[in-house]
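Given the coordinates of chain A, assemble chain B onto it according to the supplied hints.
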Amino acid sequence: MEKVRAFQDPIIDFENFSFKYYIQSEPTLKNINLKIYEGEKVLIVGPSGSGKTTIGHTLNGLIPFYYKGEIEGSLKIRGVETRNLSIFELSKIVGTVLQDADAQFLGLTVGEDIAFSLENDNVPQDIMKRRVRKVAEMVGVEEFLAQSPFELSGGQKQRTTVAGVLVDDVPILLFDEPLANLDPLTGKKAIEIIDEIHSNTKKTVIIIEHRIEDVLHRSVDRVVVINDGRIVGEFSPHELVSVHVLNEIGLREPLYISALKYADVEVTVDKSPGYIETLKLSERDVQHLKDWKELVSKNIERVPIKKDDVPLLKVENVNFSYDPGRPVLKNINFEVNKGEIIALVGKNGAGKSTLAKVLCGFVNVDSGNIYINGENINNRTIKERAEYIGFVMQDPNQMISKQIVYDEVSLGLHLRKLGKEEIEERVNEIAAVCGIKEFLKWPIQALSYGQKKRVTIASILVLKPSIVILDEPTAGQDFKHYSEIMNFLSYLNSLGMTFILITHDMHLMLEYAHRTIVLSSGEIIANDVPSKILTNREVIEKANLKETSLFELAERIGENPTEFVQCFIDYERNLRGKNANEIIHL
Amino acid sequence: MQTRLFTYNRVDTFVHRLSGFTKLLCFLILTSAVMYTYDIRVILGILVFSFTILRISRIQYRDIKLMLIYVFVFLAVNFVLTFFFSPEEGVKIYGTRHVILYLFGRYNVTSEQLLYQTTKFMKYFSVIPLGMVFLFTTNPSEFASSLNRAHVNYKVAYAVSLTLRYFPDVARAFTNISLSQQARGVDLSYKAKLSERFKNASLLLIPLIFSSLERIESVSNAMDLRGFGKYKTRTWYTSKEMDKEDYIAIAVSLLILLLTIFVSVYIDKGRFYNPFIK
Chain A
93 MEKVRAFQDP IIDFENFSFK YYIQSEPTLK NINLKIYEGE KVLIVGPSGS GKTTIGHTLN
153 GLIPFYYKGE IEGSLKIRGV ETRNLSIFEL SKIVGTVLQD ADAQFLGLTV GEDIAFSLEN
213 DNVPQDIMKR RVRKVAEMVG VEEFLAQSPF ELSGGQKQRT TVAGVLVDDV PILLFDEPLA
273 NLDPLTGKKA IEIIDEIHSN TKKTVIIIEH RIEDVLHRSV DRVVVINDGR IVGEFSPHEL
333 VSVHVLNEIG LREPLYISAL KYADVEVTVD KSPGYIETLK LSERDVQHLK DWKELVSKNI
393 ERVPIKKDDV PLLKVENVNF SYDPGRPVLK NINFEVNKGE IIALVGKNGA GKSTLAKVLC
453 GFVNVDSGNI YINGENINNR TIKERAEYIG FVMQDPNQMI SKQIVYDEVS LGLHLRKLGK
513 EEIEERVNEI AAVCGIKEFL KWPIQALSYG QKKRVTIASI LVLKPSIVIL DEPTAGQDFK
573 HYSEIMNFLS YLNSLGMTFI LITHDMHLML EYAHRTIVLS SGEIIANDVP SKILTNREVI
633 EKANLKETSL FELAERIGEN PTEFVQCFID YERNLRGKNA NEIIHL
Chain B
5 MQTRLFTYNR VDTFVHRLSG FTKLLCFLIL TSAVMYTYDI RVILGILVFS FTILRISRIQ
65 YRDIKLMLIY VFVFLAVNFV LTFFFSPEEG VKIYGTRHVI LYLFGRYNVT SEQLLYQTTK
125 FMKYFSVIPL GMVFLFTTNP SEFASSLNRA HVNYKVAYAV SLTLRYFPDV ARAFTNISLS
185 QQARGVDLSY KAKLSERFKN ASLLLIPLIF SSLERIESVS NAMDLRGFGK YKTRTWYTSK
245 EMDKEDYIAI AVSLLILLLT IFVSVYIDKG RFYNPFIK
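First to last, the protein sequences are chains A and B.
For the first sequence, the tail end lands on 678 under our numbering, and the numbers increase by one without skipping.
For the second sequence, the tail end lands on 282 under our numbering, and the numbers increase by one without skipping.
Excised from the complex, chain A in its bound form (with noise of 0.2 Å):
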């Protein structure tokens, strides 16, 4: 590679690149100097507000074109100046793949999706027909060309925004957050899609993505790290994981690499740890894993499940649908004790979201009991279900109806028509709980996104419910984000609070969750430790999850990968346990 970019002229240039968005005092790229040729599949890793989303939009011509703001220095894209181009001609250079593959389908069926941009182009309807077929049998979806593409599996979602890019035949792939709103399944296939059209058709690649490990499910030629605006580095991605980069600036590392580190074994680059096949262990390293297993499970004690008498929370023989015959959930039995911290998970359409619109009240069972407290609550209004279950949902803004702080978190108290006084004194309460005392005068509009979701969820404790379902708290956050939003609900947590998490993440029922619950069509297909919900083949496949790497370290040092995880697991929580005074003041 490195012999035959010399006689090569990149095909991206960046030279003392800087921008700065109209609306902002500091620049959000600082002297940006990167060059990338073709063919190159390269990463681009940073954390959320690093630069990275920026560097995409100066690529596919967004900026200026939709994003205004002040450019110096230079980006040449094949040798042109970019800001002598349009966002049109650009897009005939560099094709865009959004995150979300939801949000982008702007066609009613996947052929038309396809065919947008070819429509855009007044290509004759005759011929468009032909390209599309082309290209749809080319990433394989065109047995679906006559479907909405909201009927397709995830995977396919993915090879349709990507037909749709091909269509206009490229040079320049850009995948902007490829994983973000993905399932691990899903985002696996991705990749590998990504990878496969890589290979097919010698075109050069950029992903930029801030979830490590699942991008490094395939290989890459390079990672670019950034941070603040600036590059921090390049890496192959053995060298990537060997240095420190990543902890220093708020990225997760791949849990194999967390784990030889915790056991001792000193990560280089002659190991070629960058992925989990190509680790090479020495005898030694293997005794050193095997020996800090030991170590832990001697060490640490287990908390076992609990157990109470009462459970908090008891779902009996519930059913549920909404056409009759279709049903949705399907004799569903299980129970939540006080200060347990449960995630539900399943595919999408497995009835998560309806198993927590039953047990709050937005709609009712067919059949069965809902307990709290052995008091059953079956005929609660919605409103009077609030003070038993809270429910906080996945997108701040569909929740966050007034202006002020203050006036968000007491408005549900305002609506049952207490007392001024009263009030005021549970909002204080609760919002010294939450840390957003300062911001109680502020403008909600102004909070960064996770403090708005600390004030979405302080709005639903205010009304002291005894158990809190909240649904994906931390989807498509980084590293720094979700470990924001998670140290603070496992902090409410140790305070005696109750939580039911709806969630795809695998590192947080790894991380955080004492008990995972999995759904499959309606039905609870498992109840049980995350530890062994990881470790089972069977279950993974129908959650839509995937094997960790942590699975596959095990197995390589022939360890029992359930007991692994679980000393993985217990080694984490002590770790955390030990800086939990930090973590209350963030």
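There may be inaccurate statements among the hints.
To be verified - Okay, the calculated bits of chain B under chain A, using three or more residues with CB under 8 Å as the criterion:
#1 178-191
#2 208-218
#3 236-243
What the hints assert, rightly or not - Cβ-Cβ distance ranges computed for the label pairs, FRET-style:
#4 Glu-245/B <-> Lys-184/A: 37 to 45 Å
#5 Lys-159/B <-> Glu-326/A: 40 to 48 Å
#6 Asp-194/A <-> Val-77/B: 30 to 38 Å
#7 His-506/A <-> Gly-274/B: 56 to 64 Å
#8 Tyr-170/B <-> Ser-364/A: 42 to 50 Å
#9 Asp-401/A <-> Lys-69/B: 26 to 34 Å
#10 Arg-176/B <-> Glu-326/A: 24 to 32 Å
#11 Asn-157/B <-> Asp-101/A: 40 to 48 Å
#12 Asn-470/A <-> Tyr-74/B: 27 to 35 Å
Source of the hints: derived by calculation from the structure; they are not laboratory data.
Note that this is a predicted model, so its numbers are computed, not measured.
Quick reminder that beta carbons are idealized off the backbone N, C-alpha and C, glycines included.
For chain B alone, kept in the frame of chain A given last:
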């Protein structure tokens, strides 16, 4: 599910095969006919016609149940209110007074008023099925392309089709927001006072607007990045030439309009059918 309002469903019927533009045109022609005439015989004729079309397009009753109920309640309320505000409207129009039932004060039920109100009720009721047929059988993309062919700017046409398309999404978001706000104690039921319900509605609209804005940004980015708006014209993947069936449908609609006008001009000598003066 609850959000089955306005969703295009794919079935192959005569009505589905018509171009979106044809359907819009026919809808407008028939609506003008109904709006023009106050002859209950003509209106009943069109009512039968529009329910037949509904039948032909194989729309399931359960899909339109909710909408039908809303419309029916609205019309019933309208019926009662019309009587309360102007009980003598029929007398004024037809120029005679045949009292059927004495109530109190100026509230007396007259045959004239009954005829007038029934006519009005039927007018609305005969148009509703046509609107539903249009919404349920029109492929938004194909509709956009046919609007474009009728010389509507393609950007406008596309905006219309996007609106039709994202309606179910917005409706779903609205349901979720409404449920979560109800859990916090927002009372949207009839139990709350009207002024309070008005205020409460804003508690739903603000989150709906803020969460939709993000959606709009990503859709508009996706469109820009794939070259929307590059040229003055664009072609359409889903477009259909007007054919014989389309011309037949338009002709039938025009015929109904002409008949309606004919009846008014030569038989009724005005927009009203007056059975009271022989």
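Quick rundown of the hints versus the structure:
no.	hint	result
1	178-191	holds (count 11)
2	208-218	holds (count 7)
3	236-243	holds (count 7)
4	Glu-245/B <-> Lys-184/A: 37 to 45 Å	violated (30 Å)
5	Lys-159/B <-> Glu-326/A: 40 to 48 Å	holds (43 Å)
6	Asp-194/A <-> Val-77/B: 30 to 38 Å	holds (35 Å)
7	His-506/A <-> Gly-274/B: 56 to 64 Å	holds (58 Å)
8	Tyr-170/B <-> Ser-364/A: 42 to 50 Å	holds (48 Å)
9	Asp-401/A <-> Lys-69/B: 26 to 34 Å	violated (47 Å)
10	Arg-176/B <-> Glu-326/A: 24 to 32 Å	violated (44 Å)
11	Asn-157/B <-> Asp-101/A: 40 to 48 Å	holds (42 Å)
12	Asn-470/A <-> Tyr-74/B: 27 to 35 Å	holds (29 Å)
The structure shown violates the earlier hints numbered 4, 9 and 10.
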